[in-house]
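Between the sequences and the hints, there should be enough to build the whole structure, so can you do that?
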Amino acid sequence: MKLLQCPVNGIRPVSEFTYGGEYREMPDADTCSDKEWATYVHHRHGAPGLKKEWWYHGPSGTWFIAERNTLTDKVSRTYLYGQENKA
Amino acid sequence: MTLRIAEQENEWINRDMPLTFEYEGQQIEAYEGDTISSALWAADIKVLGRSFKYHRARGLLSFANHDVNALMTDGQDTNIRADVIPVTHGMQLTAVNTDGGVLKDKGRYIDKISAFLPVGFYYKTFHKPKWMFPFWEDKIRKAAGLGKVNFNYPRITRAKRYAHCDVLVVGAGASGLSAALEAADAGSQVILVDENRKIGGSLTYDMAADVNTGSLLKQLTENVLNHPNIRVIADAYAGGYYTDHLVPIVEKRGITKVRAGSIIVASGVFEQPPVFRYNDLPGVMLSSAAQRLVNRYSVKPFTKGIVVTANDYGYRAALDLAAANVEIVAVIDMRQTGADGDLTAKVKQAGIAVHLGSCIYEVVPTSDKMGVSAVVVCAYDEATAEADLHQQVVLHCDGVAMSAGWAPAAALLYQAGTQMRYDEAVQQFVPNQLPDGVFAAGKVNGIFELEQRMLDGKRAGAEASRYLGKTTVSPVEVTAHRGNSPSHPYPIVNHPKAKNFVDFDEDIQVKDFINAAKEGFDNIELMKRFTTVGMGPSQGKHSNMNAIRILARIRDLPVEKIGSTTARPFFHPTPIGHLGGRGFHPHRLTAMHEWHVKEGAVMMEAGVWMRPAYYLPAGVKISNQQAVQQEALAVRKSAGMIDGSTLGKIEVFGKDAAAFLERFYTGKFASQKVGNSRIAMLLDEAGVIVDDGVAVRLDQDKFYVSTNSSNAATVYREMQRNLQLWGMQVTLVNLTGVMSAMTLAGPSSRSILSEVTELDLLDEAFPQGAYREALVAGVKARVMRVAFVSDLAFEIHVPSSAGLHVWQKIMDAGKTYGIRPFGTDAQRLLRLEMGHHLISHDTDGLTNPFEAHADSLVAMDKPFFIGQRSLKILQKKPLKKKLVRFVLDTNFSEMPKECNLVIENGEIAGRVTSISFSEYVNRVIGFAFVLPEQAKAGNQFAIRTDSGRMEMAEVVEDAFLSLSQG
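First to last, the protein sequences are chains A and B.
First residue of the first sequence: 1, per the working numbering; consecutive thereafter.
First residue of the second sequence: 1, per the working numbering; consecutive thereafter.
Derived from the structure by calculation, the hints contain no laboratory data.
These numbers were taken from a predicted model, which means no experiment stands behind them.
Treat each hint with caution, since some may be false.
[Unchecked claim] DSS-like mimics (lysine-lysine), calculated; alpha carbons at most 27 Å apart, straight line:
{"no.": "1", "chain 1": "A", "residue 1": "Lys74", "chain 2": "B", "residue 2": "Lys470"}
{"no.": "2", "chain 1": "A", "residue 1": "Lys2", "chain 2": "B", "residue 2": "Lys160"}
{"no.": "3", "chain 1": "B", "residue 1": "Lys470", "chain 2": "A", "residue 2": "Lys2"}
{"no.": "4", "chain 1": "B", "residue 1": "Lys872", "chain 2": "A", "residue 2": "Lys35"}
{"no.": "5", "chain 1": "B", "residue 1": "Lys897", "chain 2": "B", "residue 2": "Lys882"}
{"no.": "6", "chain 1": "B", "residue 1": "Lys872", "chain 2": "B", "residue 2": "Lys882"}
{"no.": "7", "chain 1": "B", "residue 1": "Lys862", "chain 2": "B", "residue 2": "Lys880"}
{"no.": "8", "chain 1": "B", "residue 1": "Lys815", "chain 2": "B", "residue 2": "Lys621"}
{"no.": "9", "chain 1": "B", "residue 1": "Lys655", "chain 2": "B", "residue 2": "Lys702"}
{"no.": "10", "chain 1": "A", "residue 1": "Lys35", "chain 2": "B", "residue 2": "Lys877"}
{"no.": "11", "chain 1": "B", "residue 1": "Lys104", "chain 2": "B", "residue 2": "Lys497"}
{"no.": "12", "chain 1": "B", "residue 1": "Lys880", "chain 2": "A", "residue 2": "Lys35"}
{"no.": "13", "chain 1": "B", "residue 1": "Lys130", "chain 2": "B", "residue 2": "Lys142"}
{"no.": "14", "chain 1": "B", "residue 1": "Lys198", "chain 2": "B", "residue 2": "Lys142"}
{"no.": "15", "chain 1": "B", "residue 1": "Lys128", "chain 2": "B", "residue 2": "Lys518"}
{"no.": "16", "chain 1": "A", "residue 1": "Lys74", "chain 2": "B", "residue 2": "Lys257"}
{"no.": "17", "chain 1": "B", "residue 1": "Lys104", "chain 2": "B", "residue 2": "Lys160"}
{"no.": "18", "chain 1": "B", "residue 1": "Lys655", "chain 2": "B", "residue 2": "Lys673"}
{"no.": "19", "chain 1": "B", "residue 1": "Lys518", "chain 2": "A", "residue 2": "Lys35"}
{"no.": "20", "chain 1": "B", "residue 1": "Lys872", "chain 2": "B", "residue 2": "Lys936"}
{"no.": "21", "chain 1": "B", "residue 1": "Lys882", "chain 2": "A", "residue 2": "Lys35"}
{"no.": "22", "chain 1": "A", "residue 1": "Lys51", "chain 2": "A", "residue 2": "Lys86"}
{"no.": "23", "chain 1": "B", "residue 1": "Lys862", "chain 2": "B", "residue 2": "Lys882"}
{"no.": "24", "chain 1": "B", "residue 1": "Lys497", "chain 2": "B", "residue 2": "Lys369"}
{"no.": "25", "chain 1": "A", "residue 1": "Lys2", "chain 2": "B", "residue 2": "Lys257"}
{"no.": "26", "chain 1": "B", "residue 1": "Lys106", "chain 2": "B", "residue 2": "Lys348"}
{"no.": "27", "chain 1": "A", "residue 1": "Lys35", "chain 2": "B", "residue 2": "Lys876"}
[Claimed, not checked] Which bits of chain B does chain A cover? Going by a derived footprint, with three or more residues having C-beta under 8 Å, they are:
{"no.": "28", "region": "718-729"}
{"no.": "29", "region": "858-871"}
[What the hints assert, rightly or not] Quick list of simulated restraints, FRET-style, between CB atoms:
{"no.": "30", "chain 1": "B", "residue 1": "Ala659", "chain 2": "A", "residue 2": "Asn85", "range": "24 to 32 Å"}
{"no.": "31", "chain 1": "A", "residue 1": "Gly49", "chain 2": "B", "residue 2": "Thr479", "range": "36 to 44 Å"}
{"no.": "32", "chain 1": "B", "residue 1": "Ser114", "chain 2": "A", "residue 2": "Gly21", "range": "54 to 62 Å"}
{"no.": "33", "chain 1": "A", "residue 1": "Gly21", "chain 2": "B", "residue 2": "Ala659", "range": "18 to 26 Å"}
{"no.": "34", "chain 1": "A", "residue 1": "Ala47", "chain 2": "B", "residue 2": "Ala115", "range": "18 to 26 Å"}
{"no.": "35", "chain 1": "A", "residue 1": "Lys86", "chain 2": "B", "residue 2": "Asn676", "range": "38 to 46 Å"}
{"no.": "36", "chain 1": "A", "residue 1": "Lys35", "chain 2": "B", "residue 2": "Lys655", "range": "31 to 39 Å"}
{"no.": "37", "chain 1": "A", "residue 1": "Ala47", "chain 2": "B", "residue 2": "Val674", "range": "50 to 58 Å"}
{"no.": "38", "chain 1": "B", "residue 1": "Arg466", "chain 2": "A", "residue 2": "Asn85", "range": "29 to 37 Å"}
{"no.": "39", "chain 1": "A", "residue 1": "Ala47", "chain 2": "B", "residue 2": "Gln625", "range": "50 to 58 Å"}
{"no.": "40", "chain 1": "A", "residue 1": "Ala47", "chain 2": "B", "residue 2": "Leu846", "range": "35 to 43 Å"}
All C-beta atoms in this analysis are idealised placements derived from N, C-alpha and C, irrespective of residue type, glycine included.
See the structure below:
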């Protein structure tokens with residue numbers, strides 16, 4: 001079973017976490033085209049590689065970002081949303 | 001006759017504890033510490049089982065936990081591995097896979113017709129004529145498998161244990177022991193696991209008659225057992241490798257899941273047999289098996305034997321056997337060059353003849369075909385793998401020890417993602433690139449010489465310590481293998497009459513591989529599946545390497561290009577009882593749970609919660625269906641109450657509370673009055689309906705939001721995520737488990753509730769949609785006027801500690817009105833009668849609000865809410881489907897079911913999402929998705945039932961309740 005580093009609670013077994021999907025930058029809903037919006041909502045890049053992902057630590061209710069290489073399943077770093085520079 | 005020799009210093013048996021057991025009806029004497037095989041062999045019983053396919057007599061082969069032809073049953077357990085399971089007093093054993101006993105097995109005729117059963121025959125035969133197939137299928141199924149499963153096997157639960165350590169060392173041979181000591185000396189907590197009953201690995205049997213081996217073993221063992229940082233788990237195997245160094249250690253008592261900081265795999269090697277005709281007869285065994293037998297159990301493998309070898313290890317075995325007074329007729333060395341160092345001299349000194357460049361062409365069986373009477377020795381050409389029959393000699397003997405090479409026990413390394421390479425110096429796959437924190441040491445790492453192996457263990461121990469941050473530990477240098485390769489590149493002797501076995505589990509011979517390749521199965525994965533090599537219970541531990549060598553030669557490729565198949569976890573057969581455990585699936589129970597059970601509630605799982613589906617009170621004889629209808633009728637005619645504690649209940653407060661809800665939900669909340677409730681519909685970013693709940697404004701900056709029971713966790717999670725994204729000043733408190741909730745519904749509900757509260761419940765004071773705080777049955781309660789299951793209903797929320805009290809008081813007050821508790825089944829019917837759809841029951845992962853008549857809940861004029869941008873796109877497009885209420889034609893002959901299709905002009909137009917008979921309405925009513933043009937009230941459409949009938953239904957506009965009044 002995998003271990004995951006919660007930025008608040010430290011290393012915990014992955015069974016305590018919920019995957020929240022890939023993190024994607026939302027385009028400006030007022031100015032973007034329909035096509036840009038549809039791409040944001042529906043299109044996922046399936047190719048393996050380094051991804052930013054949402055993860056949720058259930059017992060403490062902590063959402064955070066994990067940078068994970070989906071090819072090797074290695075998590076390089078985790079941080080709270082918006083605190084990327086502090087990680 | 002006994003083959004047991006005089007007591008030796010390091011033997012594993014306790015001669016003070018004799019015991020007897022029964023094998024195939026015969027009483028056998030043994031000692032405590034004997035395995036079943038060693039005890040039988042000591043009693044000169046050499047037919048230990050029958051092979052899987054041809055039912056050939058088989059004896060000892062590896063004596064190392066993969067003697068798959070010596071499987072026993074004691075009546076309760078089956079497939080007991082005789083080579084490793086200790087014998088106990090009074091055991092009654094028989095061999096599996098025989099028909100009429102191991103000696104007179106009626107299945108042995110199959111060996112005679114084996115020429116007609118080539119590899120893969122069952123893929124090609126028995127298909128024609130087709131009507132005969134059931135006959136053959138029955139025969140094949142009876143022949144397949146080994147032991148018989150005992151369906152009366154007792155249920156024995158075994159606890160799962162957990163352990164943590166800095167370094168896990170797998171294998172307690174010379175390298176593993178050294179690795180454990182090095183890591184432990186550096187201050188790491190070490191767990192050392194070994195499948196043998198005693199630690200020491202090959203030091204416990206491979207001595208080459210060197211007395212120093214014993215003292216080295218003693219010293220290493222003492223150091224390890226006395227080390228405060230080392231915990232030894234013997235008689236257990238590491239079953240597999242899972243991410244981040246999680247390894248299940250399998251013992252007889254159960255599984256221990258070990259999470260290690262680092263892993264050292266010092267699992268050693270499996271001896272591989274040379275391949276020659278009749279290499280499977282009882283009495284022919286691997287050299288290491290002969291050494292184990294004589295050095296651990298003080299049993300001679302034979303009285304007068306031959307050693308055939310393609311490496312130096314046969315010489316070592318000959319020396320060990322000679323030291324135990326086993327007569328060795330000759331050492332037959334398949335190589336031209338002979339052994340390294342002084343091994344040849346020592347063997348000759350022991351009076352044993354050495355024949356270089358020779359092979360065993362075939363073994364001559366005894367007349368009963370269950371033993372060895374002689375071997376035919378010929379000159380051997382290593383390049384062609386052919387024996388020269390012009391130079392042959394027959395040597396009489398009663399057994400053969402054979403040695404040809406080794407295959408790494410690398411299953412854990414493969415599972416961890418190790419890249420292996422083929423090392424020509426040792427003719428073996430060795431680790432090329434190891435994953436982080438995983439280290440290999442000893443023979444599995446291609447290091448064979450004893451001193452270097454110990455050094456390699458020390459090196460791995462040092463590397464693991466450095467990996468764990470103990471950088472002061474100095475690195476250790478190991479010298480790569482020098483001299484003769486411990487494995488022969490092609491230890492095969494061709495024979496026109498075959499029966500030269502490669503895989504003893506599945507009776508696969510050299511010609512089977514050639515035939516498979518001819519048929520095009522010449523990739524290792526295809527060949528494995530076609531020939532079934534390595535698919536028996538030993539999972540290729542003694543056969544995969546030879547299979548790869550044979551395929552490499554057939555295809556004229558280097559071994560490395562053939563590659564190897566990966567053994568998945570578990571690396572060794574593990575009892576299902578070890579894996580199965582007690583259910584740890586937690587359920588949440590509401591405060592009123594016990595009350596429901598006492599009243600005869602039939603509980604069902606609703607997400608993590610247990611909820612009453614309906615009630616079957618004791619002494620009342622009604623069907624499930626009647627119970628549901630009666631509960632629903634009680635609500636329509638007087639009153640009923642449902643436990644709604646499972647609803648998600650979230651308090652949202654803070655300066656931005658209203659603004660937050662406006663962004664989160666589709667409706668408007670900024671303008672909501674304190675003391676009022678509004679529907680809270682949640683979409684996802686694609687505009688699909690996810691949840692609908694109710695938001696009550698408790699105060700200017702405080703809301704109390706409910707969600708569907710099944711969405712309580714997800715909605716709360718999404719609120720938390722978006723709060724982080726949007727950075728608003730809001731605090732969330734999840735009250736789902738803290739608050740009990742109940743819905744009192746029906747025309748009498750107002751009268752009943754007024755008996756337990758002072759609150760003015762009349763329409764003017766407490767209209768539909770309003771929210772009040774009041775004492776109910778003496779408890780501070782939150783009360784809402786709702787209309788989900790009936791026009792008049794009150795939802796009452798109280799702290800969970802008071803839930804049962806309030807519930808009981810209301811039930812007591814309702815007694816004279818005929819109140820009934822109702823479950824989720826009646827609730828579904830009631831809301832259907834009311835014409836309310838259920839999110840994620842009547843809607844699916846593609847349904848948007850426009851398709852589900854929810855336009856009025858969507859405030860498109862707001863600046864933003866989740867899913868709004870997608871709705872703006874959808875708004876411009878024509879609808880694809882529409883959710884409608886329908887009644888079924890009264891003359892229907894087959895009741896349609898949920899998910900039956902709506903058919904229009906022979907095409908699929910939609911599907912039924914809810915359907916039920918309502919006793920109150922006296923019609924079959926439901927929801928269905930139909931084409932937008934079919935959605936007008938009064939429109940008729942057809943539903944195709946399970947049996948293909950078309951039943952007509954009509955779209956209705958209003959709640960179904962109006963039908964009963966009309």
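- Of the numbered hints stated previously, which ones are contradicted by the structure, given in increasing order? Checked against the structure, the hints that fail are numbers 14, 17, 19, 26, 34 and 40, while the rest are satisfied.
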